[in-house]
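Protein chains in written order, with this note's numbering: chain B, 1 to 274; chain W, 275 to 563; chain R, 564 to 681.
Calculated directly from the structure, the hints in this document are not laboratory data.
Nothing here was measured: the structure is a model prediction, and the numbers come from that model.
Possibly wrong hints are sitting among the right ones.
[Unchecked claim] With a cut-off of at most 30 Å between alpha-carbon atoms, the simulated DSSO-like pairs for lysine-lysine come out as follows:
| no. | chain 1 | residue 1 | chain 2 | residue 2 |
| --- | --- | --- | --- | --- |
| 1 | W | Lys431 | R | Lys649 |
| 2 | W | Lys431 | B | Lys146 |
| 3 | B | Lys86 | R | Lys574 |
| 4 | W | Lys276 | R | Lys623 |
| 5 | B | Lys203 | W | Lys276 |
| 6 | B | Lys207 | W | Lys396 |
Listed below are the residues making up each chain.
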Amino acid sequence: MKIAVLSGKGGTGKTFVSVNLAVAKNAAYIDCDVEEPNGRIFLKPVDCKESPVFAGLPEFDESKCVGCRKCVDFCRFNALVFIKNKPAVFSDVCHACGGCSLICPTGAVTETMRQIGSVEQCKYKKTDVVTGILNIGEASGIAVIKEALDTGLRLNENAVIDCPPGSGCAVMESISASDLCIIVVEPTAFGFHNFKMVYRLVKLIGKPCYIVINKEDAPYPPLDGFCAENGLPILARIPFDPETAALLANGELLYGMNDYYTDLFDKVVCEVKP
Amino acid sequence: MKKLLILSGKGGTGKTTVASAFIHFAQAKAFADCDVDAPNLHIVAGVDAEPQKSDYYGSQKAVINTDKCVSCDMCREKCRFGAIESTDEKYKVNEFSCEGCGVCVAVCPTGAVTLADDVAGKVELYNGECVFCTAELKMGRGNSGKLVSTVKSTLQKNAHDAPLAIIDGSPGIGCPVIASVSGVTMVLIVTEPTMSGLSDLKRILKTVTAFHSRAAVCVNKADINNTMTAEIENYCEENKIPFVGTIPYDKQASVAINAGKSIAETDCTAKQAIKEIFDRMMRMMEVTP
Amino acid sequence: MIIILPLDENKTDICVSFGRCPFLMIYDTENNSTEITENSAANAQGGAGIKSAQFIVDSKADALITVRCGENAAEVLNAAGVKIYKPEGISAEHNIALLKDAKLSPLTHFHAGFHGIQ
């Protein structure tokens with residue numbers, strides 16, 4: 001079973017839920033929040049193997065170039081220029097679509113690879129910990145997310161996928177391979193607003209959806225009402241607790257160390273079915 | 275117009291809470307929400323009127339005309355983004371994965387594939403006593419960078435006389451963050467005293483400095499872990515990043531937000547702390563309130 | 564000498580954005596001619612500065628007068644030998660006169676790309 005954990009709003013507790021759930025379930029933990037991967041802070045995994053993630057980049061053979069500029073004209077991202085009779089590429093703008101090399105009539109454009117990030121494969125006890133890491137300055141982490149998922153899902157048919165915040169293309173990519181989604185919500189006005197956005201996404205892709213309400217000080221009626229109206233099962237209501245916050249602030253894994261959370265996540269494991 | 279951008283690296287540290295307080299303290303006439311994936315500022319901005327809405331066009335997306343399609347599979351084979359799906363020899367473009375590169379159009383032997391305009395989001399401009407621009411990216415879409423640029427330029431265009439603009443940014447270090455950093459006077463990074471918060475702070479600081487911007491840091495919910503707060507302050511000192519203050523954890527924050535108000539409209543300890551940070555930022559930016 | 568300036572909607576003031584300005588002015592000192600053209604890069608999803616810079620290179624310009632210029636565009640212009648100057652005030656006409664009198668200073672600060680892409 002592949003479970004994607006997402007939230008819409010940042011800071012609701014995706015990683016907290018993901019790491020503890022992965023350990024409880026004996027599933028691979030896959031960190032797809034490639035811009036700010038944090039799962040490894042809690043799991044402190046060892047035996048790490050790092051694999052680079054590459055994106056293609058065009059290379060130009062001047063001896064074959066006839067100056068037709070078809071490559072420059074084709075590029076919809078404006079990554080190519082033609083100066084002093086030579087084409088050149090801006091790597092940070094290039095989308096690696098392969099179009100320029102395809103369109104060149106003389107084979108003057110070929111592709112080389114440049115590194116945009118990496119995937120780390122490590123272990124916390126018996127749990128496989130796979131982390132996607134995007135290099136600083138790179139605009140898009142989609143390719144890194146794809147590699148991280150590929151690596152993780154090959155290791156274990158059970159996986160917990162820790163998704164990025166928001167509801168954009170990176171989130172979409174992260175949940176595409178999952179069997180079901182757990183949305184972690186904060187019972188506040190901000191939390192509820194962003195939750196609705198990400199719920200629409202999950203519904204659109206047609207994944208079954210469960211809810212975990214986290215950092216609950218007091219019930220937030222609009223959220224409870226929404227879950228009831230839409231038949232969304234609430235797996236757990238985790239109260240806001242300063243002691244828990246302090247432990248998490250120190251990067252502590254709670255499953256197996258703390259009875260309350262061990263029971264809570266064991267219960268979640270039983271209740272989640274695609 | 276001087277622009278102050280509020281970022282965090284890690285999500286959920288309190289960007290929007292701090293941004294809305296700053297807007298209140300500055301009596302700012304211009305502000306924007308650049309967190310286009312998950313905009314929240316409008317909930318506490320206290321702007322009532324009807325906004326001017328406009329469609330935001332992202333990249334064009336490929337469309338397959340099934341009448342002309344001969345199922346040769348060239349498009350699916352050449353697509354680098356896995357955006358072309360076929361079921362029973364019927365070909366379709368996945369609008370979420372398609373990046374509008376045009377390779378499928380180029381390889382199609384029958385002209386069955388074309389590129390068409392795609393509405394990727396909406397921009398809302400409130401233009402009254404204050405100018406407030408916000409936007410929402412349609413789910414699953416990319417092109418957040420250009421939408422962020424659109425929000426900023428819309429704000430600039432409609433409020434160019436305003437001396438100060440406050441911009442609520444997005445979490446992470448990717449495209450929408452990079453787009454928001456360009457051209458701002460200063461960046462305030464709001465972090466939290468957790469290991470995740472510190473780890474993400476380091477990455478967002480690297481990003482901001484790589485894009486030649488001045489940054490300052492403050493710690494929100496500082497008293498949930500005073501040791502971590504001290505560690506963050508040390509890190510800033512060692513790296514010569516101005517550390518502009520701490521904000522205590524305050525339940526009043528969510529009470530205010532849930533009531534659709536800025537924390538600056540209530541009386542609480544966090545408000546006072548945020549005001550001190552605001553004053554320091556204004557001095558650093560040389561803005562007279 | 565061919566001089567290019569990014570123009571605002573009013574086609575008289577210099578636009579602060581170079582990559583996404585609505586119009587471009589092409590001025591030829593040899594015959595005092597002025598041509599104003601729409602900037603096709605304005606709505607580009609990404610690489611707007613690069614596209615605008617390519618247009619300038621293709622126009623065989625010698626100089627660009629702009630308030631801001633991105634690093635990517637600057638790289639293109641530098642490689643092609645196009646000089647970049649800072650304007651004084653916002654009048655396009657006035658700045659052309661200043662440049663003809665060699666009274667403009669070079670632009671030395673280039674900002675990072677907007678990355679208006681995926």
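Against the structure, the hints:
1. A hinted pair counts as satisfied when its Cα atoms are at most 30 Å apart, and lysine 431 (chain W) with lysine 649 (chain R) qualifies at roughly 21 Å.
2. Only pairs whose Cα atoms come within 30 Å are accepted, and lysine 431 (chain W) paired with lysine 146 (chain B) is rejected, the gap being roughly 39 Å.
3. A C-alpha spacing of about 33 Å is found between lysine 86 (chain B) and lysine 574 (chain R), which places the hinted pair above 30 Å, so the restraint is violated.
4. The hinted pair formed by lysine 276 (chain W) and lysine 623 (chain R) fails the criterion: a straight-line CA distance of about 36 Å is larger than 30 Å.
5. A hinted pair counts as satisfied when its Cα atoms are at most 30 Å apart, and lysine 203 (chain B) with lysine 276 (chain W) does not qualify at roughly 41 Å.
6. A C-alpha spacing of about 26 Å is found between lysine 207 (chain B) and lysine 396 (chain W), which places the hinted pair at or below 30 Å, so the restraint holds.
Of the numbered hints stated above, those contradicted by the structure are hints 2, 3, 4, 5, listed in ascending order.
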